[in-house]
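2 protein chains.
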Amino acid sequence: MPMQNLKIAIQGIEGSNHHKVIRDYFEAETQIKACATFREVVYALVNNQVEASLMAIENSIAGSILPNYRLLIDANLQITQEFYLNISHNLVALPNQSLNDITQVKSHQMALHQCGNFFSKHPHIKLIEDVDTALPAKLIAKNQQKNLAALVPNGTAELFGLEVIQPNVQDTNTNETRFVLLKKPTQTENQDANKATLHFELKHEQGNLANLLTTMSELGMNLTKIQSIPIAHKQWNYAFIVDVRFKHIRDYKKLIRVLNASTEVIQTLGLYKSGRT
Amino acid sequence: MPMQNLKIAIQGIEGSNHHKVIRDYFEAETQIKACATFREVVYALVNNQVEASLMAIENSIAGSILPNYRLLIDANLQITQEFYLNISHNLVALPNQSLNDITQVKSHQMALHQCGNFFSKHPHIKLIEDVDTALPAKLIAKNQQKNLAALVPNGTAELFGLEVIQPNVQDTNTNETRFVLLKKPTQTENQDANKATLHFELKHEQGNLANLLTTMSELGMNLTKIQSIPIAHKQWNYAFIVDVRFKHIRDYKKLIRVLNASTEVIQTLGLYKSGRT
Chain A
1 MPMQNLKIAI QGIEGSNHHK VIRDYFEAET QIKACATFRE VVYALVNNQV
51 EASLMAIENS IAGSILPNYR LLIDANLQIT QEFYLNISHN LVALPNQSLN
101 DITQVKSHQM ALHQCGNFFS KHPHIKLIED VDTALPAKLI AKNQQKNLAA
151 LVPNGTAELF GLEVIQPNVQ DTNTNETRFV LLKKPTQTEN QDANKATLHF
201 ELKHEQGNLA NLLTTMSELG MNLTKIQSIP IAHKQWNYAF IVDVRFKHIR
251 DYKKLIRVLN ASTEVIQTLG LYKSGRT
Chain B
1 MPMQNLKIAI QGIEGSNHHK VIRDYFEAET QIKACATFRE VVYALVNNQV
51 EASLMAIENS IAGSILPNYR LLIDANLQIT QEFYLNISHN LVALPNQSLN
101 DITQVKSHQM ALHQCGNFFS KHPHIKLIED VDTALPAKLI AKNQQKNLAA
151 LVPNGTAELF GLEVIQPNVQ DTNTNETRFV LLKKPTQTEN QDANKATLHF
201 ELKHEQGNLA NLLTTMSELG MNLTKIQSIP IAHKQWNYAF IVDVRFKHIR
251 DYKKLIRVLN ASTEVIQTLG LYKSGRT
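Those protein sequence lines, which keep their order, are chains A and B. Residue 1 is where the first sequence starts when you use the UniProt record's numbering, and the numbers rise one by one after that. Residue 1 is where the second sequence starts when you use the UniProt record's numbering, and the numbers rise one by one after that.
Just so you know, these hints were derived from the structure itself, not from any lab. Careful, some of the hints might be misleading.
[Stated by the list, open to error] Within a straight-line C-alpha distance of at most 35 Å, the following computed DSBU-like cross-link-like pairs (lysine-lysine) qualify:
hint, chain 1, residue 1, chain 2, residue 2
1, A, K195, B, K184
2, A, K184, B, K121
3, A, K146, B, K142
4, A, K121, A, K225
Given the structure is predicted, the values throughout are model-derived calculations rather than measurements.
With the hints as constraints, model all of the structure from the sequences given.
Structural data, given as structure tokens:
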């Protein structure tokens, strides 16, 4: 499906995984606004500096990025699409070095974590956490820093004139990240939607969550995910975030009617077409 | 309860929130091993460099730190105690500066996030993510760097010769982090336990989770938390992590018997006394 030509806020610079989603799924003319933090990504949209924001929300190994759900809830934005990106971590450094020359690797905590097996086998490499994946690669090139490596997706080494020392150092090849495209809420309902992300607080009665899941199951819905998330103003009380798949939007509407009756707060964070067939 | 004199791995340096838990709850003679990453905290224990590890697992605003559950599951360690620390973020910098002099603040993503309201009101301050909270404070002191601030808990400014520019800049005063003490598994069962953290994979039948929650409710148990977490080797299949409170350990044993029958994999991540009364 061709995408309209938007200006989109992303986390990270050119060469980051967010940027790879733009390269893979959006038109070549798409403009990006590179943001240092997920908070900036969200508030660039809130403050109308962009028409949409792209944000990683979940990884198939590390799980949900809960702080990003918090941002999404608080900013009252809507998930309008989702994209799955296969994550490959290539160990990259200045040209003409071998793995033995590398003494340090600088990357994001999640990237380092996803390559745990590889680094366990190469204990001479010291792991240094950074807040970004592509930025350490860019700085290695800029400062011509030897013995230091970064972990970047396919296509990024070339962007900075670096060399791939070892491709695909991730623990498993089934490592995908799910990204969501955020927009401001509109009145229009996506009639093709077959997935929803919901956020709700339950009335405090024992067994309430069990009853709700039973209802979903009776409606033939597939609960693909559930997270409890704290309620900021009620310490150690939890709200829930669920992803549900359904066949037709009328089933979603039935569920919303049930939720309206059994929950304190109900907020649809997105009604969209699944990125999976 | 006085703690035995252990060597404990913590994330962060002296002055960090982990270190504050040690100062508040453990004996003065307790030795710490400061680790740069949570991964190091866990593997210091796995590799017998320490007798226990202290790890943040959840915050009352930001929610669960899911990657830390992943580490805990993979390393096969046990939660033996939990501690709640009230989180105060003091904005600290070199002495004799006012808020107007501060142009940048460097801290961990979660700390910056928890002070979002304050920084929205002071847009002249640029937020820079770091992998640590106490380390930027230490470096400000070491490099005598003006115009730069850090966010640290009570008692840390004094440690580094910095001054509190503005105390308690967090959004809400009900901001607590839950820390868990990890040890290697033993055969001994804590008979005072009234809380368990469980990890299980459900057999894939619609409505299974609903049935399980109904069982917990019938056993009079209080489900305090539920998280779905990916199964690393089965892409986009989910396991669940739950915290349950119970009155007597025999109820926990009943639940385990039910889980043994209805789950594929069941792992007790901890059986311990709640840090709450």
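Legend entry - Violations among the numbered hints, reported as their numbers in ascending order: 1
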